[in-house]
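J.: The chain contents come next:
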Amino acid sequence: MDVGIVGYGSYIPYYRIKTEEIARVWGANPESIKKGLMVSEKSVPGPDEDAVTIATEASRNALALADIDPEKIGAVYVGSESHPYSVKPSSTIVAEAIEATPIMTAADLEFACKAGTAGMQICMGLVGSGMAEYGLAVGADTSQGAPGDPLEYTAAAGGAAFIIGKDNLLAKIESTSSFTTDTPDFWRRPGEAYPKHGGRFTGEPAYFKHIVSCTEQILKDSGYEVKDFKYFVPHQPNGKFPRIAAKKLGFTEEQVSPSLLVERIGNTYSGASVLGLAAVLDQAEEGDKILLTSYGSGAGSDSFILETTGRLEKVRENAPSVESQIEHKHYIDYATYAKYRGKIKKE
Amino acid sequence: MNQEVAIIGIGMTKFGELWNRSFRQLFVEAGSEALEDAGIKSEEIGALFGGNMSAGQFIGQEHLASLIMDHSNMTPQPATRVEAACASGGLALRTAYMSIKSGMHDVVIAAGAEKMTDVLPSKTTGALATAADQEWEAGFGATFPGLYAMIARRHMHEFGTTEEQLASVSVKNHYNGSKNSKAQFQNEITIDDVLSSPMVADPLKLFDCSPVSDGAAALVLASAEKAKELCENPVWIAGSGQASDTLALHSRKSLTTLNATVEAGRQAYKQAGITSKDIGAAEVHDCFTIAELCAIEDLGFCEKGDGGKFTEQGETGLKGSMPVNTSGGLKTKGHPVGATGIAQAIEASLQLRGEAGDRQIDDVEYVLTHNVGGSGGTAAVHIFSR
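Protein sequences appear in the order of chains A and B.
Numbered per the numbering used here, the first sequence spans residues 242 to 588.
Numbered per the numbering used here, the second sequence spans residues 5 to 390.
No wet-lab data here; the hints were simulated from the structure.
Think of the CB as a built atom: it goes at the ideal place given N, C-alpha and C, for glycine as much as any other residue.
There's no promise every hint is true.
As the list claims (entries may be wrong) - Sample of chain A residues lacking proximity to chain B, with all beta carbon distances greater than 10 Å (derived):
| no. | residue |
| --- | --- |
| 1 | 311 |
| 2 | 408 |
| 3 | 457 |
Claimed, not checked - Below are the SDA-like pairs computed for lysine to any residue, each with C-alpha atoms no more than 25 Å apart in a straight line:
| no. | chain 1 | residue 1 | chain 2 | residue 2 |
| --- | --- | --- | --- | --- |
| 4 | A | 276 | B | 250 |
| 5 | A | 481 | B | 240 |
| 6 | A | 276 | B | 204 |
| 7 | A | 450 | B | 125 |
| 8 | A | 450 | B | 323 |
| 9 | A | 276 | B | 203 |
| 10 | A | 437 | B | 65 |
| 11 | A | 437 | B | 63 |
| 12 | A | 489 | B | 186 |
| 13 | A | 437 | B | 123 |
| 14 | A | 450 | B | 204 |
| 15 | B | 323 | B | 204 |
| 16 | A | 275 | B | 191 |
| 17 | A | 481 | B | 193 |
| 18 | A | 481 | B | 65 |
| 19 | B | 127 | A | 488 |
| 20 | A | 437 | B | 215 |
| 21 | B | 186 | A | 437 |
| 22 | B | 186 | A | 485 |
| 23 | A | 481 | B | 192 |
| 24 | B | 186 | A | 431 |
| 25 | A | 488 | B | 123 |
| 26 | A | 489 | B | 24 |
| 27 | A | 276 | B | 139 |
| 28 | A | 437 | B | 25 |
| 29 | A | 276 | B | 196 |
| 30 | A | 481 | B | 323 |
| 31 | A | 481 | B | 63 |
| 32 | A | 275 | B | 196 |
| 33 | A | 276 | B | 309 |
| 34 | A | 275 | B | 193 |
| 35 | A | 276 | B | 65 |
| 36 | B | 274 | B | 254 |
| 37 | A | 481 | B | 309 |
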């Protein structure tokens with residue numbers, strides 16, 4: 242029996258900060274940054290939001306589409322690089338909040354920006370083998386960018402959740418494959434507030450090598466060609482990288498641009514490629530083929546080939562679309578941003 | 005004993021962000037290529053002189069001379085590391101040259117290598133800044149882009165040099181680099197691309213600056229007797245000059261003249277018995293666009309202060325009256341600091357052998373190379389002939 246997505250949901254915080262506002266504080270040229278990164282604003286989590294609240298919101302939205310008893314979810318995996326606790330799972334809080342507990346398993350995942358898709362693969366295994374009826378995989382982050390670091394222009398917040406099951410599929414997952422190496426392009430040590438990165442090393446030997454190799458592998462294994470896909474959904478750390486990767490692989494701007502949210506909400510890390518998938522599911526028609534390739538620093542990529550069903554269009558109105566959440570926004574200045582993100586602290 | 009010295013073999017890696025290659029892989033590749041080009045075996049090499057600025061900071065490795073001989077299977081021959089910041093390669097060449105000139109050796113290798121991309125960019129800038137005066141420059145926050153920006157500002161103030169003229173150096177070097185398969189950048193750019201690139205240190209923008217690079221280059225040098233025996237197309241070292249100046253930029257009487265360049269050039273011209281008018285092509289140290297303008301003035305290719313106009317009018321282009329940086333220069337070919345002085349001699353050799361391909365200058369008799377350490381604390385100038 243096929244395994245696929247029976248429900249999906251997204252969540253993007255309400256607050257935004259513009260590239261100009263960050264550039265103003267650091268005396269940088271906003272036009273050259275916008276041109277270089279192709280990001281004009283990013284989402285900012287409110288002071289009462291974290292990866293768990295984002296994951297919970299996205300999971301509730303996924304349940305609204307799935308129309309299942311949450312107690313039938315036998316596994317919950319939350320992937321993030323901003324879990325609120327170092328020791329104590331995010332996934333148990335989410336599972337409790339959606340009333341999936343207690344006869345179930347749960348764990349937190351971390352693989353930089355691809356922990357969400359890693360959760361999807363684990364759920365596919367559990368559901369496919371019959372160990373769980375449904376599995377919930379979430380990618381959610383309130384990512385960190387050090388003040389003045391180029392990352393600060395893109396490090397954003399958001400997430401998406403996917404309920405994996407066998408019946409009433411919104412999209413069938415035809416296949417998945419991964420490409421993994423030990424490549425230290427981006428990391429954060431215990432106790433450190435902000436990640437470090439290898440500058441230009443994060444490009445060619447890291448993002449591009451893994452995204453391109455993983456995508457080429459799944460195309461080869463599946464026998465599909467680039468033109469068979471309506472949508473290509475790559476990880477999106479900025480607006481430039483996914484376009485270059487898509488071009489290298491032979492995808493057109495029409496195939497890749499519907500999934501690129503980064504220009505308007507920034508890089509939501511574990512949320513980025515899965516929010517891109519949610520945005521594409523929001524507009525896909527029955528029978529559309531989608532190729533998703535995530536990327537996580539460190540480094541690895543997961544590729545998925547999906548095909549949508551007729552049920553998708555019938556249920557997706559049950560929760561807010563990605564687009565409606567991008568448009569529902571409120572701009573804040575750098576001082577407010579610094580307060581919300583804990584960059585300045587009250588004594 | 006005072007004998008002539010020739011280059012009988014050349015080898016270099018591609019320059020660039022060679023993340024998958026280690027320091028030792030780079031110098032083995034360049035050295036092997038040079039030996040193969042010379043048609044000799046490593047046991048025939050009497051000694052090796054290797055230029056490297058800062059492997060201790062970039063890859064945590066000192067005692068490079070032994071490392072190189074070990075991994076090149078060249079023990080027990082002697083090896084010496086030479087360091088003078090970005091002029092390390094030029095000085096390694098001169099030291100190797102002197103070892104033959106003195107009669108101590110018949111055949112030696114002069115090499116240069118640097119692996120700069122194994123550390124974070126902030127560390128790279130800091131490591132390079134150790135070539136400035138730590139107490140009076142770097143200690144107060146000055147880095148090389150900042151120091152060369154001051155030279156550029158002063159040049160603009162004294163001579164009316166424009167940002168467009170600075171940009172024309174970069175445009176010309178990118179055009180030349182587009183014809184060099186070993187160059188880090190092989191794309192052409194426009195004046196507008198330079199002017200609209202991000203500001204680094206006013207008035208120098210990103211495209212006024214040479215990149216951070218990995219790479220290695222090697223030359224086999226031989227005495228006249230050996231060269232004639234081993235090689236059909238030797239390239240002769242007609243002149244070699246080296247000079248020093250104050251380490252700190254602010255200690256100089258003029259910010260726009262590099263005295264070390266003037267003096268090293270004077271020595272090399274004198275030894276070769278020629279003047280700047282006899283030079284058919286030159287590789288100069290364009291770590292920043294302003295550095296190329298100062299160099300062509302200080303070496304006598306144009307009057308002091310006229311470098312901007314001279315470049316803007318195309319005189320330093322491949323078809324100009326005085327082609328400069330036919331390889332693409334440091335800006336485009338790349339600047340693995342310790343390797344740069346050797347790579348310049350390789351371009352000179354290619355031009356004199358007539359093997360420079362699409363960037364070949366016709367009927368070139370003499371080629372000059374100019375390698376600078378820091379903001380001009382050291383300069384090495386060499387003149388090569390057929």
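J.: Tell me the hint numbers this structure goes against, listed in increasing order.
T.: 4, 5, 8, 14, 15, 18, 19, 21, 24, 25, 27, 30, 31, 33, 35, 36 and 37
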